[in-house]
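**Student:** Letter by letter, the chains look like this.
There are 4 protein chains.
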Amino acid sequence: MANSRFQYVKKFELSDALLPDTYLVARLDGHRFTKFTAEHGFTKPNDERGLLLMAECARQVMSEWSDLVMAFGQSDEFSFLLPASSPLYGRRSAKLSTSFVSLFSSSFVFFWPKHFPDTPLLYPPNFDARIVSYPSAQHVRDYFSWRQADCHINNLYNTCFWALVADGVSKQDAQVALKGTTSGDKNELLFSRFDTNYNEIPQRFRKGTTLFRARPTAVAAPPPPPPPETPLRQPS
Amino acid sequence: MANSRFQYVKKFELSDALLPDTYLVARLDGHRFTKFTAEHGFTKPNDERGLLLMAECARQVMSEWSDLVMAFGQSDEFSFLLPASSPLYGRRSAKLSTSFVSLFSSSFVFFWPKHFPDTPLLYPPNFDARIVSYPSAQHVRDYFSWRQADCHINNLYNTCFWALVADGVSKQDAQVALKGTTSGDKNELLFSRFDTNYNEIPQRFRKGTTLFRARPTAVAAPPPPPPPETPLRQPS
Amino acid sequence: MANSRFQYVKKFELSDALLPDTYLVARLDGHRFTKFTAEHGFTKPNDERGLLLMAECARQVMSEWSDLVMAFGQSDEFSFLLPASSPLYGRRSAKLSTSFVSLFSSSFVFFWPKHFPDTPLLYPPNFDARIVSYPSAQHVRDYFSWRQADCHINNLYNTCFWALVADGVSKQDAQVALKGTTSGDKNELLFSRFDTNYNEIPQRFRKGTTLFRARPTAVAAPPPPPPPETPLRQPS
Amino acid sequence: MANSRFQYVKKFELSDALLPDTYLVARLDGHRFTKFTAEHGFTKPNDERGLLLMAECARQVMSEWSDLVMAFGQSDEFSFLLPASSPLYGRRSAKLSTSFVSLFSSSFVFFWPKHFPDTPLLYPPNFDARIVSYPSAQHVRDYFSWRQADCHINNLYNTCFWALVADGVSKQDAQVALKGTTSGDKNELLFSRFDTNYNEIPQRFRKGTTLFRARPTAVAAPPPPPPPETPLRQPS
Chain A
1 MANSRFQYVK KFELSDALLP DTYLVARLDG HRFTKFTAEH GFTKPNDERG LLLMAECARQ
61 VMSEWSDLVM AFGQSDEFSF LLPASSPLYG RRSAKLSTSF VSLFSSSFVF FWPKHFPDTP
121 LLYPPNFDAR IVSYPSAQHV RDYFSWRQAD CHINNLYNTC FWALVADGVS KQDAQVALKG
181 TTSGDKNELL FSRFDTNYNE IPQRFRKGTT LFRARPTAVA APPPPPPPET PLRQPS
Chain B
1001 MANSRFQYVK KFELSDALLP DTYLVARLDG HRFTKFTAEH GFTKPNDERG LLLMAECARQ
1061 VMSEWSDLVM AFGQSDEFSF LLPASSPLYG RRSAKLSTSF VSLFSSSFVF FWPKHFPDTP
1121 LLYPPNFDAR IVSYPSAQHV RDYFSWRQAD CHINNLYNTC FWALVADGVS KQDAQVALKG
1181 TTSGDKNELL FSRFDTNYNE IPQRFRKGTT LFRARPTAVA APPPPPPPET PLRQPS
Chain C
2001 MANSRFQYVK KFELSDALLP DTYLVARLDG HRFTKFTAEH GFTKPNDERG LLLMAECARQ
2061 VMSEWSDLVM AFGQSDEFSF LLPASSPLYG RRSAKLSTSF VSLFSSSFVF FWPKHFPDTP
2121 LLYPPNFDAR IVSYPSAQHV RDYFSWRQAD CHINNLYNTC FWALVADGVS KQDAQVALKG
2181 TTSGDKNELL FSRFDTNYNE IPQRFRKGTT LFRARPTAVA APPPPPPPET PLRQPS
Chain D
3001 MANSRFQYVK KFELSDALLP DTYLVARLDG HRFTKFTAEH GFTKPNDERG LLLMAECARQ
3061 VMSEWSDLVM AFGQSDEFSF LLPASSPLYG RRSAKLSTSF VSLFSSSFVF FWPKHFPDTP
3121 LLYPPNFDAR IVSYPSAQHV RDYFSWRQAD CHINNLYNTC FWALVADGVS KQDAQVALKG
3181 TTSGDKNELL FSRFDTNYNE IPQRFRKGTT LFRARPTAVA APPPPPPPET PLRQPS
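Line by line, the protein sequences are chains A, B, C and D. Each residue of the first sequence is one higher than the one before, counting from 1 in this note's numbering. Each residue of the second sequence is one higher than the one before, counting from 1001 in this note's numbering. Each residue of the third sequence is one higher than the one before, counting from 2001 in this note's numbering. Each residue of the fourth sequence is one higher than the one before, counting from 3001 in this note's numbering.
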């Protein structure tokens, strides 16, 4: 057949299977989202519509691949967890990461009008993704702690920064004012100057969004305790 | 900082850089597109709207990354070529494949209404992608020949199959009728029974869609013109 | 400098670092040792001199790299264990496997005359090696169980086979006689026909050779129990 | 069978096949050879016995694997070339690099007494190895130019250094005297102070040792003839 003479090029596709019995975490990140959010008028420091849209995309991804047991998102990123035992797509790294990021990206455009009914989408956005193997449950726990700590630190800073800017401080001066401050300093600043108790800011902003599968079909033992988000869906 | 204690998890991100000075080809494939096209009423064997939408998504990808010099698409797949010298994203495999597939996927939904004004999109579709290194220009040429031969073979078969079905033959009988036939047999069938000269069927259906960057050195130039349908080479 | 113009070739050396916090097992295997042992008059089914030589080579390897905590050998193979925390050579796969196999191979020739004082070495032998990552202590335990079971199964078979051959049975007939026999059958054969209690055969032949570092500097301790399933945790 | 319950550990052995149709170069390097050569009384800056021993080890490796078409050595390193088309061991990286380094290492001890009849080998030495893929013949040419330029630069420096030391200069002063000197300076120093024409120093010292297979197509042919010392190309 005409095809067969060229088919040898398939042999250049090398295996990229990930190590068995390791937890797989796929993290998706928005590409140039500072620009994207500015051009689409996202509110600062947090845009609830945007966060709900991101969560809906993540839910779509978890609905498509039932092996995914949990997801955590904040800002323009979302991480998905596959249990160590998952055989999905032969654990091929590219197959997994590209499938997840593809559906997340198409969902972002698909669900945009629902969350931004008054804001036309100017152009299609894009994300990148990577998959990382973690040998133990402790690594996975620390991974999500890392992303959640990142959320907290950035949100506390951004809350202060945009409060100062809203109060008439220039962006440059706000940056200078916050430089070197501790978490305690920032909490105090919010309380004394802006009458804001940081702990009363919505959990979604302070702690990110966690999705988990209600009954992971005996994959992962007791599911993690109440995250800010509601369960993805009832097991059928 | 709270973050730093967990940051060690970053060291599990292993390098996936592709071999320098090799041509990189990223191929995107639709996931369950037989079902998707049926549910969205695509015409058989070819839906011009769908092919033009795919081409527009590919153009969007080529516009975003000026390193991409060429793309070839057929059916629900599209392949993109990076020259051997490209330093894009440090040639990291996951970064490249996920970025390309993400923008392609979001573009698919974004441009859907333009090409399917009367057909609402029922759900977000998804694609997967893989990147392959090819050491020489000959390999790249054979790669695209392989995809184009695949286009030709499938299209000739599908043209016969759907002509028989349109003529009242059951799908099963059509399959039996075509089993073991040569290209010559199929051309003859189309001509004698359906008065169709296969070579007069639109090139886009027979040979796929090729995009190339007009002046590959002037990477900042205006986006490429409307997709010229330039066959890479004749299927033999 | 004359050198610098060519130095770009170094960039083709891609990273091959192994996943952090996984146990690393390097297995070395003799190349064409059936031929080698025949040509050097090894006794069948076991040659104690050969096994002691192998063990001495392994000891040399463990002496050179103090990160190695354990080794297990049988027949013409030896496996070495690095603890999950080992940073040796940046955990680069090729650096580790080639260093271990190189010293093992040079040691084999170096210590040959000590163990085979009356048998000149006819030519230098060679081994290959591979390194495998294991995520948990249980995997490592099962790995060594696998190699030890292999030792047992082969030794029981070979003990019967060579007893038959020594008794005047042709090699072909011996093979036929043993085909499909269970462990029990083989034990019975040895006992009833050769008056041999298999369990009284030297342990080294039946169970292989295990080396371990006397005080692994708090690296390994007794293998931990199966990892408890720990839920991810409350977001703080 | 007892074995089968543990056999699952084999699935952790991931593929490490190298890209097809690329040239493969394996480079072996001595481990702590500064110490090794000092302890075994190698002459400085070059020890002809040592270089001939290295060449004999390389010849042994080339005799064992007929796919190897060329080798280049200098100092305590040797590089081996596999043609792009070689299917040896399925092009598995670890299998290739460990096999080559193993035979080289055992040969080093095996042939030691022939080249160092009056110097007992105090302990077994070891080497490491890596394999690199090169897409084109030009890369391979530049690779060997790189190693040969390295040979030239080091040898010119070392020749000056040890001439100064032999002349009563302290090692520290010799280092200072050579710091920042050009090739021309060093040639002049050798000529004016030591009456030495650098170009009359043996080629083996200045240009390294190159082995090549006499008829690379007739891979099953008899082992290659005694190592012709053919410089690859002039250092520029």
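The set of hints was computed from the structure by calculation and includes no laboratory data. Hints may contain errors.
Stated by the list, open to error - As a list, the in silico EDC-like pairs of lysine to aspartate or glutamate whose alpha-carbon atoms are at most 20 Å apart:
| no. | chain 1 | residue 1 | chain 2 | residue 2 |
| --- | --- | --- | --- | --- |
| 1 | A | K11 | B | D1029 |
| 2 | C | K2179 | C | E2200 |
| 3 | C | K2171 | C | D2185 |
| 4 | A | K114 | A | E200 |
| 5 | A | K95 | B | D1142 |
| 6 | C | K2011 | D | D3173 |
| 7 | A | K35 | B | E1064 |
| 8 | C | K2044 | C | D2142 |
| 9 | B | K1095 | A | D47 |
| 10 | C | K2011 | D | D3167 |
| 11 | A | K10 | B | E1064 |
| 12 | C | K2044 | C | E2077 |
| 13 | A | K207 | A | E64 |
| 14 | D | K3010 | C | D2029 |
| 15 | D | K3095 | C | D2142 |
| 16 | D | K3010 | C | E2077 |
| 17 | D | K3095 | D | D3029 |
| 18 | B | K1010 | A | D67 |
| 19 | A | K11 | B | E1064 |
| 20 | D | K3095 | C | E2013 |
| 21 | B | K1011 | A | D142 |
| 22 | B | K1010 | A | D142 |
| 23 | A | K207 | A | E13 |
| 24 | A | K186 | B | E1064 |
| 25 | D | K3010 | C | D2173 |
| 26 | B | K1010 | A | E77 |
Please read these numbers as outputs of a predicted model, since none were measured by experiment.
**Student:** If a hint holds in the structure, say so; if it does not, say that too.
**Tutor:** Verification of the supplied hints:
With a CA separation close to 18 Å, the supplied pair K11 (chain A) and D1029 (chain B) stays within the 20 Å bound. For the hint linking K2179 (chain C) to E2200 (chain C), the alpha-carbon distance of about 24 Å lies beyond 20 Å, and the restraint is violated. For the suggested pair K2171 (chain C) and D2185 (chain C), the alpha carbons sit about 19 Å apart, so the restraint of at most 20 Å is met. Among the hinted pairs, K114 (chain A) with E200 (chain A) is inconsistent with the structure: their alpha-carbon atoms are about 27 Å apart, more than 20 Å.
Only pairs whose Cα atoms come within 20 Å are accepted, and K95 (chain A) paired with D1142 (chain B) is rejected, the gap being roughly 24 Å. Between K2011 (chain C) and D3173 (chain D) the alpha-carbon distance is near 36 Å, which puts this suggested pair outside the 20 Å criterion. Under the criterion of a C-alpha separation no larger than 20 Å, the hint pairing K35 (chain A) with E1064 (chain B) is consistent with the structure, at around 15 Å. Distance restraint check for K2044 (chain C) and D2142 (chain C): the Cα-Cα separation of roughly 28 Å exceeds the 20 Å cut-off, and the hinted pair is therefore not satisfied.
Taking the CA atoms of K1095 (chain B) and D47 (chain A), the gap is near 27 Å; set against the 20 Å cutoff, the hint is violated. Taking the CA atoms of K2011 (chain C) and D3167 (chain D), the gap is near 41 Å; set against the 20 Å cutoff, the hint is violated. Annotation: proposed proximity of K10 (chain A) to E1064 (chain B) is violated, straight-line Cα distance about 28 Å (limit 20 Å). A C-alpha spacing of about 17 Å is found between K2044 (chain C) and E2077 (chain C), which places the hinted pair at or below 20 Å, so the restraint holds.
At most 20 Å may separate the alpha-carbon atoms for a hinted pair to count; K207 (chain A) and E64 (chain A) exceed this at roughly 25 Å. A threshold of 20 Å between alpha carbons decides the hint, and for K3010 (chain D) with D2029 (chain C) the separation of about 15 Å falls inside it, so the pair holds. Between the alpha carbons of K3095 (chain D) and D2142 (chain C) the distance comes to roughly 24 Å, so the proposed pair goes past 20 Å and is violated. Restraint check: the Cα-Cα separation between K3010 (chain D) and E2077 (chain C) comes to about 15 Å, which is no more than 20 Å; the hinted pair holds.
Restraint check for K3095 (chain D) and D3029 (chain D): the C-alpha separation of about 17 Å stays at or below 20 Å, so the hint holds. Proximity of K1010 (chain B) to D67 (chain A) is assessed by CA-CA distance (about 23 Å); at most 20 Å being required, the pair is judged violated. Pair hint K11 (chain A) plus E1064 (chain B) does not hold up; C-alpha atoms about 30 Å apart against a cutoff of 20 Å. Our distance criterion of 20 Å between C-alpha atoms is met by K3095 (chain D) and E2013 (chain C), whose separation comes to about 17 Å.
Distance restraint check for K1011 (chain B) and D142 (chain A): the Cα-Cα separation of roughly 12 Å lies within the 20 Å cut-off, and the hinted pair is therefore satisfied. Taking the CA atoms of K1010 (chain B) and D142 (chain A), the gap is about 10 Å. The hint holds against a cut of 20 Å. Simply put, K207 (chain A) and E13 (chain A) have alpha-carbon atoms about 41 Å apart, too far for the 20 Å limit, and the pair is violated. As the CA atoms of K186 (chain A) and E1064 (chain B) are separated by approximately 39 Å, the hinted pair breaks the 20 Å bound.
At roughly 33 Å between alpha-carbon atoms, K3010 (chain D) and D2173 (chain C) are farther apart than 20 Å, so this suggested pair is violated. Restraint check for K1010 (chain B) and E77 (chain A): the C-alpha separation of about 15 Å stays at or below 20 Å, so the hint holds.
In terms of the numbered hints stated before, the structure departs from hints 2, 4, 5, 6, 8, 9, 10, 11, 13, 15, 18, 19, 23, 24 and 25, listed from lowest to highest.
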